[in-house]
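Student: Residue numbers (our numbering), protein chains in the order written: chain A, 1 to 270; chain B, 1 to 395.
If you are wondering where the hints come from, they were derived from the structure by calculation, not from laboratory data. Each residue gets a CB set at the ideal place from its N, CA and C atoms; glycine is no exception. Do not rely on the hints blindly, as some may be mistaken.
A few chain B residues that don't get close to chain A, going by computed Cβ distances all over 10 Å [stated by the list, open to error]: (1) 19; (2) 28; (3) 41; (4) 89; (5) 100; (6) 156; (7) 167; (8) 185; (9) 205; (10) 240; (11) 243; (12) 265; (13) 269; (14) 309; (15) 364; (16) 381.
If you anchor each label on the Cβ, the simulated ranges turn out as follows [what the hints assert, rightly or not]: (17) 187/B / 224/A: 47 to 55 Å; (18) 72/B / 263/A: 54 to 62 Å; (19) 327/B / 37/A: 55 to 63 Å; (20) 37/A / 179/B: 31 to 39 Å; (21) 372/B / 227/A: 49 to 57 Å; (22) 331/B / 153/A: 50 to 58 Å; (23) 239/A / 79/B: 46 to 54 Å; (24) 250/A / 163/B: 48 to 56 Å; (25) 328/B / 66/A: 55 to 63 Å; (26) 134/B / 259/A: 48 to 56 Å; (27) 239/A / 66/B: 46 to 54 Å; (28) 173/B / 259/A: 33 to 41 Å.
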Amino acid sequence: MSPDGPTKPPSAAPLSEPISEQADPHILLDAVSVGYGETVIQRDLSFGVRRGDVFVIMGGSGSGKSTLMRSLIGLLAPQAGRILFDGESFWDALQHERTRRMRRNGVMYQSGALWSSMTLEENVALPLEQYTNLRRSQIHEVAVYKLALVGLSAYCDYYPSEISGGMRKRVGVARAMALDPDILFFDEPSAGLDPLSARLLDDLILELRESLGATMVVVTHDLASIFAIADDSVFLDAATQTMLTTGNPRDLREHCEIKLVRDFLSRGGE
Amino acid sequence: MRILVGAMTDLVSNAVKPYPAARIALARDPAGRVTVAIGGAWQLDADPPDLDRIDAELFTEPGPTSIVFDASDLVAWDSGLVSYLASVAWRCRERGIAVQEEGLPEGIQALLRLASTVPERRAEGRDEHADPFLRRFGQDFIDLMRSTGEILAFIGEVTLALRSMIAGRARFRRSELWLLVEEVGADALPIISLISFLVGLILGYIGDQQLAQFGARIFVADLVGLSIVIQMGALITAIVLAGRTGAAFAAQLGTMQVNEEIDALRTLGISPVEFLVLPRLIALVAMTPLLAIYANLMGILGGSFAGIVVGGLSPTEYFTQTVAAIRWHHITQGLISATVFGAIVAVSGCLRGMQSGRSAAAVGEATTSAVVTSIVFIVIASAGLTIVFDAIGLS
Numbered sequence: 001m002s003p004d005g006p007t008k009p010p011s012a013a014p015l016s017e018p019i020s021e022q023a024d025p026h027i028l029l030d031a032v033s034v035g036y037g038e039t040v041i042q043r044d045l046s047f048g049v050r051r052g053d054v055f056v057i058m059g060g061s062g063s064g065k066s067t068l069m070r071s072l073i074g075l076l077a078p079q080a081g082r083i084l085f086d087g088e089s090f091w092d093a094l095q096h097e098r099t100r101r102m103r104r105n106g107v108m109y110q111s112g113a114l115w116s117s118m119t120l121e122e123n124v125a126l127p128l129e130q131y132t133n134l135r136r137s138q139i140h141e142v143a144v145y146k147l148a149l150v151g152l153s154a155y156c157d158y159y160p161s162e163i164s165g166g167m168r169k170r171v172g173v174a175r176a177m178a179l180d181p182d183i184l185f186f187d188e189p190s191a192g193l194d195p196l197s198a199r200l201l202d203d204l205i206l207e208l209r210e211s212l213g214a215t216m217v218v219v220t221h222d223l224a225s226i227f228a229i230a231d232d233s234v235f236l237d238a239a240t241q242t243m244l245t246t247g248n249p250r251d252l253r254e255h256c257e258i259k260l261v262r263d264f265l266s267r268g269g270e
Numbered sequence: 001m002r003i004l005v006g007a008m009t010d011l012v013s014n015a016v017k018p019y020p021a022a023r024i025a026l027a028r029d030p031a032g033r034v035t036v037a038i039g040g041a042w043q044l045d046a047d048p049p050d051l052d053r054i055d056a057e058l059f060t061e062p063g064p065t066s067i068v069f070d071a072s073d074l075v076a077w078d079s080g081l082v083s084y085l086a087s088v089a090w091r092c093r094e095r096g097i098a099v100q101e102e103g104l105p106e107g108i109q110a111l112l113r114l115a116s117t118v119p120e121r122r123a124e125g126r127d128e129h130a131d132p133f134l135r136r137f138g139q140d141f142i143d144l145m146r147s148t149g150e151i152l153a154f155i156g157e158v159t160l161a162l163r164s165m166i167a168g169r170a171r172f173r174r175s176e177l178w179l180l181v182e183e184v185g186a187d188a189l190p191i192i193s194l195i196s197f198l199v200g201l202i203l204g205y206i207g208d209q210q211l212a213q214f215g216a217r218i219f220v221a222d223l224v225g226l227s228i229v230i231q232m233g234a235l236i237t238a239i240v241l242a243g244r245t246g247a248a249f250a251a252q253l254g255t256m257q258v259n260e261e262i263d264a265l266r267t268l269g270i271s272p273v274e275f276l277v278l279p280r281l282i283a284l285v286a287m288t289p290l291l292a293i294y295a296n297l298m299g300i301l302g303g304s305f306a307g308i309v310v311g312g313l314s315p316t317e318y319f320t321q322t323v324a325a326i327r328w329h330h331i332t333q334g335l336i337s338a339t340v341f342g343a344i345v346a347v348s349g350c351l352r353g354m355q356s357g358r359s360a361a362a363v364g365e366a367t368t369s370a371v372v373t374s375i376v377f378i379v380i381a382s383a384g385l386t387i388v389f390d391a392i393g394l395s
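The following block holds chain A by itself, in its conformation from the complex (with noise of 0.2 Å):
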């Protein structure tokens, strides 16, 4: 590969570890292609995110990101290729049992996409009244205690429109626990926020993953994030619409071969 810049073929990208080897791996794309219609926004993706891993998908804007995010999340079926959880093929299964899988996912969106009309409480304890037998007064109990593991037990009554930015997002975090997921997605979790709210956020997601040992899975293109959080990466090119490389940002800043990556996990450089 050209030390300048992503010359080599897309198929012929440098997985850290090759996928066939990786030890039970949690999440795996087979030669993934994603976009809207026609539109391919990203193709040939191959990886995989072990188990336990804080693993984020980054690239510039318009890369993907979020694209291949809908994909993961059960949104947007991909265009070619498969990904498999826990090894089995989820855009291949049926409804109901991609409907079970996606009951094993939690999800914290950019802007938190609380439900408006219900208090904080209620957003928690939603997916606990569809999916449990739990009664009333339990369910108050864990919506209560995981709004207290984000620091917002006191804020119960309150709705979406009067809390803050922030505040929505750790609410949109004790939302996508609540059912104790194996996987938690976070679309963009430091976006808008201040650098404290942005890293506590990033406190947040790796105590979580200490004490839950989920896997979880981040976009983002926010370098301080990365360096904190990340085992293990995947960077995403809009230019050549296919991935660059995996692997832990800390390395591929020092050792990638390819420029464009050590530029971006470097500010250009700098």
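Starting from the known structure of chain A, fit chain B onto it as the hints suggest.
Tutor: Chain B alone, transformed into the frame defined by chain A:
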């Protein structure tokens, strides 16, 4: 006093004293080099000289070899001048004429460099040319078919959700249903009262004037009673609900789409049709007939007001005549119509809300479209139901 006024006039005239107008002068030397002398104040709110003069110079054969600038008379400038010069530079580059920017102020040179180094957008296949008629017609037809397909698919989804509900498997919050029932039903009573009463009053008044010519004033009670009960009560209710509730449904669901709230339901494995559309449909289908009964009563009351006050009928006369005229099958027709109209308003509002794009403008379009779709289908259904009632002998 006069001195003061004079001083103020001077002050005002100095304060608003205009800058000299923007101007250019072109001069060509024997070597074919054109000097563009820029003078006066170039500002966005002032009229810049016409670019045609530059064009005329550039097109004059033989074409100039290069363009230089002289900005020694320039008084003030802003983006007005920079955009003008960017156009000149672009025209020159198109014709292969060298542009020498050295005579311009440093700031302008920097901005022109910046403007020329912005990379072109990736081609997005945006075609500026108007499509020929046949192509547009074809595209419109394809869009119509797609939209019909979407409506049918949505009705299919709603039917499946209804089946889940009957089987007791539908996932929605009962508490939300009661809130919707209140919002759709009780909260609509004032507006329904006003409109039904006034429509009844107008019918009664016009009917009385016509029937008085035949000495048949008492039949105004039949006219108002039957028209309200069979058709108008349901129609008034449906149209008020289309504007009030259908639009609100579209706006609520559209905003939820913008905020990714619907995505959040989907990723939890909760069907938005079951969770959001079903309670709205149930609330409207349950409440529209009740509101229609209320609209019937208010309409009859309005008609009686005209009959009694203008027509001089006694209240007993009027109401006895009304009760005698209206049969159960008339009421049934009105209630069946109201139920169908309620379903139409709910499905149209929710459909447009769920189809809404992810912007404020798209939510606005969804709301408008919900009302238009509702009213169009209410009118079509009203005509269809009249034929059906006639065919089954209900009318």
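Student: Now tell me, hint by hint, if it's right for this structure.
Tutor: Do the hints match the structure? See the list:
{"no.": "1", "hint": "19", "result": "41 Å, holds"}
{"no.": "2", "hint": "28", "result": "44 Å, holds"}
{"no.": "3", "hint": "41", "result": "39 Å, holds"}
{"no.": "4", "hint": "89", "result": "28 Å, holds"}
{"no.": "5", "hint": "100", "result": "32 Å, holds"}
{"no.": "6", "hint": "156", "result": "14 Å, holds"}
{"no.": "7", "hint": "167", "result": "14 Å, holds"}
{"no.": "8", "hint": "185", "result": "18 Å, holds"}
{"no.": "9", "hint": "205", "result": "44 Å, holds"}
{"no.": "10", "hint": "240", "result": "23 Å, holds"}
{"no.": "11", "hint": "243", "result": "22 Å, holds"}
{"no.": "12", "hint": "265", "result": "8 Å, violated"}
{"no.": "13", "hint": "269", "result": "4 Å, violated"}
{"no.": "14", "hint": "309", "result": "46 Å, holds"}
{"no.": "15", "hint": "364", "result": "18 Å, holds"}
{"no.": "16", "hint": "381", "result": "30 Å, holds"}
{"no.": "17", "hint": "187/B / 224/A: 47 to 55 Å", "result": "49 Å, holds"}
{"no.": "18", "hint": "72/B / 263/A: 54 to 62 Å", "result": "43 Å, violated"}
{"no.": "19", "hint": "327/B / 37/A: 55 to 63 Å", "result": "56 Å, holds"}
{"no.": "20", "hint": "37/A / 179/B: 31 to 39 Å", "result": "38 Å, holds"}
{"no.": "21", "hint": "372/B / 227/A: 49 to 57 Å", "result": "53 Å, holds"}
{"no.": "22", "hint": "331/B / 153/A: 50 to 58 Å", "result": "55 Å, holds"}
{"no.": "23", "hint": "239/A / 79/B: 46 to 54 Å", "result": "31 Å, violated"}
{"no.": "24", "hint": "250/A / 163/B: 48 to 56 Å", "result": "54 Å, holds"}
{"no.": "25", "hint": "328/B / 66/A: 55 to 63 Å", "result": "59 Å, holds"}
{"no.": "26", "hint": "134/B / 259/A: 48 to 56 Å", "result": "50 Å, holds"}
{"no.": "27", "hint": "239/A / 66/B: 46 to 54 Å", "result": "36 Å, violated"}
{"no.": "28", "hint": "173/B / 259/A: 33 to 41 Å", "result": "53 Å, violated"}
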